[in-house]
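Chain order of the listed sequences is A and B. Basically the numbering used here = 1-based index in the first sequence + 24. Basically the numbering used here = 1-based index in the second sequence + 1.
Wrong hints could be hidden among the right ones.
[Unchecked claim] One-sided and incomplete, this derived list gives chain A residues near chain B with beta-carbon spacing under 8 Å: (1) N31; (2) L33; (3) A34; (4) S35; (5) D37; (6) S47; (7) H49; (8) R71; (9) N74; (10) V75; (11) I93; (12) K94; (13) R98; (14) G101; (15) P102; (16) L108.
[To be verified] Residues from chain B that keep clear of chain A, each with C-beta distances beyond 10 Å, as calculated: (17) K248; (18) A420; (19) E523; (20) K540.
Derived by calculation from the structure, the hints in this document are not laboratory data. All residues carry an ideal CB built from backbone N, CA and C; glycine is no exception.
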Amino acid sequence: MKLLTGNDLASGDVTWWTGRDWSRHVEDAADVGQDGERIASVEEAARRVNVPYVIDAVATPEGPRPAHIKDRIRALGPTVRADLTLKPADPEAGAWVI
Amino acid sequence: MYQYDTYDQSIVDARVAEFRDQVERRLSGHLTEDQFKPLRLMNGLYLQLHAYMLRVAIPYGTLSSTQMRVLADIARTYDRDYGHFTTRQNLQFNWIKLADTPDILEKLAKVEMHAIQTSGNCIRNISSDQFAGAAADELTDPRPWAELLRQWSTFHPEFSYLPRKFKIAVIAADEDRAAMRLHDIGLRIVEQDGVAGAQVYVGGGMGRTPMIAPLVADFVPLSDLMSYLEACLRVYNRYGRRDNMYKARIKILIHEIGVDKYRAEVAEEFAHIKTLGIDPPQAEFDRIAAFFADPAFADTSADAQVDRSDAGFAAWLDQNTHAHKRAGYTIVTISLKPTGGIPGDASADQIDAMADLAEAYSFAELRVTHAQNIVLPHVRSADLRAVYDRLVAIGLAEANLDLITDIIACPGLDYCSLANARSIPLAQKIADRFADPVRQRDLGELKLKISGCINACGHHHAGHIGILGVDRKGTENYQLLLGGSGAEDVSLGKITGPGFSEDGVVDAIERVTDRYLTERTEGERFVDTYRRVGMEPFKEAIYG
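Let the hints inform the model, and build the full structure from the sequences given.
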């Protein structure tokens, strides 16, 4: 599957295209198929996202998992500061990245 | 410390106002990202892996307690309660919001700080010896020259769009604490027949093509220095490649045309530039130098000897302090490498606490080192115990300066959009493996440096042991290098062989250090042994 990701223009937060809107949580991300570039163009022009790009991902029971470690770290947060990730209460969250 | 005059202040204030307008235009859609990106980069604002990152310039690594407190305030108010001190003697905030950036820059400007020229193809923050003005072994304080270079290079109209970024370091001691020859230009102030001048090294650097800068001029009188540097830059600006960013640094130009040809071109250009009168009058230099006059040192003749009876304190004294030029004073280095910590990171509270320490014990002055530590340059020796006790209280009393756990590590893949592998967790694993302080001290001086990609922000080429993180089919992999040095015995590390997993490279380092312990002779540091016996014994230890 393919996901569309980017950063929020004002905050810089990592965001994921859900099919209707943008979410900070990769679990909400939708498969954009071959439509990613078109959506990116529209959304960037509307300043709803900054520097969007399409990535490969794998569907899992827990939700989409980006194929590359860099995007998994983007999705979670820095592996060395669990308190700053999107799952600060989950000490095992870092394992998802590896 | 240097203090802005009205001209310095007005150009920084004007830049804040200009950037505020640019941010508003970006947020309102009047600027596209393509239009805005070069503008934000000129103000040190990157878009990194998780958020915007702001790189704040700390000229030649010198800052005051007041400035340090403002950094803590920004960390607390606009970031996530911490900052990261870098290998360019700067500080980075990792979680900045675009809309907050003008307010942050305004706060910085009020204490004579900014983020100008911390990115882009211009002359970057001038770096220097973190012990400048305090070291017992220096010829003179290099900071007046570093400040003059800062003023010369700030908004220099001819050098704002160089072929590639440009880094300058200036030192004035035989011991090189600034990795001077791994800069685009490295300057060492020397004396010849009673006249002060500079050795000028040009074309060093790390990155994907590491090179040690060759000597281009063995003595340039300081009265000619600015003209000579202008010539060095002008020749680069004219002939440096702009068609390929990977071949655009001055080191590539000098490598391709040869140092003799480059030297001749510079000489020709210098002959012209010298007639233009750009070297500052002595009065202007004296004005700048006056800001770097010694602080009001106390009469320490009646001070008692430092009590070394506490083993922890004694170990810290031995490892983290250096001789000061003034009897009764000591240079203190605060390690930002506590076991389990993140190299170079400090919390807002720790930043404030270091500011308090500087104010109480070091004439309100601090330095940032390229090894990502903090220096209190002028501590009265009688106050060392009080400083140490306070550092213990804030978790920054690690007695590991220049030991194997004093690791330089770039932010790596945990933060950096360019990185291929994580650096910080690896640094933590190594620090954990070698956590025993007795073992560390037995290994002696051993500089370990980790970069998460070929851009080498973690100076892996210059590590006695260097580690380069690479991407091998989507998996982190680590190459091991041995034998580098960024000091006066400068050398570039060599790759040992096939790379390792994260755990594998920690094991490999242990095999390397074990072999060192069996091979070394009396007084030999790790790098000395490596140079004597070569790579083979270590390869054998690593790969069998």
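Structure-based check of each hint:
| no. | hint | in the structure |
| --- | --- | --- |
| 1 | N31 | holds, 6 Å |
| 2 | L33 | holds, 7 Å |
| 3 | A34 | holds, 5 Å |
| 4 | S35 | holds, 5 Å |
| 5 | D37 | holds, 6 Å |
| 6 | S47 | violated, 15 Å |
| 7 | H49 | violated, 14 Å |
| 8 | R71 | holds, 5 Å |
| 9 | N74 | holds, 6 Å |
| 10 | V75 | holds, 6 Å |
| 11 | I93 | holds, 7 Å |
| 12 | K94 | holds, 6 Å |
| 13 | R98 | holds, 6 Å |
| 14 | G101 | holds, 6 Å |
| 15 | P102 | holds, 4 Å |
| 16 | L108 | holds, 6 Å |
| 17 | K248 | holds, 26 Å |
| 18 | A420 | violated, 8 Å |
| 19 | E523 | holds, 39 Å |
| 20 | K540 | holds, 29 Å |
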